[in-house]
Amino acid sequence: MSELPSEYHTRLPYGERMSTEPLEGQRFFPFEGDFQVEPLADPVLPEPPRAGEPGGKPCPKCADPDGSVIWQDEQWSLKSFEATGLPFVAILEPREHYRLDNLPPELTATLGPVIQRVAKAIQGIDSVGRTHFNRWGDGSEHFHLWFLARPLGMMQLRGAMIAAWDDLLPKIPESEHTANARQVAAALAEDGGEVVIS
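Its first residue numbered 1, the sequence shown is counted upward by one per residue in the UniProt record's numbering.
Note that these hints are calculated values from the structure, not bench results. Keep in mind that a hint or two might mislead.
As the list claims (entries may be wrong) - Here are the simulated distance ranges between beta carbons: (1) 23 / 43: 18 to 24 Å; (2) 7 / 153: 44 to 50 Å; (3) 18 / 48: 19 to 25 Å; (4) 29 / 110: 34 to 40 Å; (5) 10 / 38: 17 to 23 Å; (6) 22 / 62: 36 to 42 Å; (7) 35 / 12: 31 to 37 Å; (8) 159 / 82: 41 to 47 Å.
Computed from a prediction, not measured in an experiment: that's the story for all the values here. Even glycine gets a Cβ: it sits at the ideal position worked out from N, Cα and C.
Model the full assembly from the supplied sequences, consistent with the hints where possible.
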């Protein structure tokens with residue numbers, strides 16, 4: 001292993017399996033029985049480029065700006081790719097290529113209100129209890145937020161493991177996904193922007 005970049009890194013037990021005990025029995029942890037954590041891998045330095053960064057794959061949003069878009073306004077677009085295990089999953093992205101650290105102040109000022117609008121539109125789906133949103137920025141440098149709809153009454157799906165549940169649950173029918181996407185897009189368009197999904 002090459003030189004480690006920080007004191008934090010030097011304390012980690014590379015090549016060892018972490019104990020699952022801290023997670024077992026936690027109210028939002030979706031697994032039980034015999035399972036194990038993969039051994040901790042060595043750091044990869046320098047980190048490989050994300051999509052959209054020099055040396056990485058092309059930015060998927062910029063390569064296909066209208067792909068999977070269901071709603072858009074002058075600044076933002078909302079995408080929903082395919083049916084998943086949750087009632088609805090979407091990504092909010094700026095229409096122009098920005099990272100989180102270089103979003104212009106005038107665009108950043110609109111982020112809070114558009115998050116509220118998207119969350120409210122998703123919660124209008126009758127099977128939805130809450131809308132969660134998250135930012136994971138390791139796949140693409142184009143700023144994006146994930147929105148995940150927690151099904152009404154499904155208290156076991158609360159918290160950070162909702163993304164795992166999305167992969168575990170049976171996919172909803174494609175017709176239901178399309179209807180939910182249309183409903184969300186129409187609700188957003190009531191306060192501005194346009195429905196893109198047909």
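Against the structure, the hints come out as follows:
no., hint, in the structure
1, 23 / 43: 18 to 24 Å, "holds (23 Å)"
2, 7 / 153: 44 to 50 Å, "holds (45 Å)"
3, 18 / 48: 19 to 25 Å, "holds (24 Å)"
4, 29 / 110: 34 to 40 Å, "holds (36 Å)"
5, 10 / 38: 17 to 23 Å, "holds (21 Å)"
6, 22 / 62: 36 to 42 Å, "holds (40 Å)"
7, 35 / 12: 31 to 37 Å, "violated (21 Å)"
8, 159 / 82: 41 to 47 Å, "violated (24 Å)"
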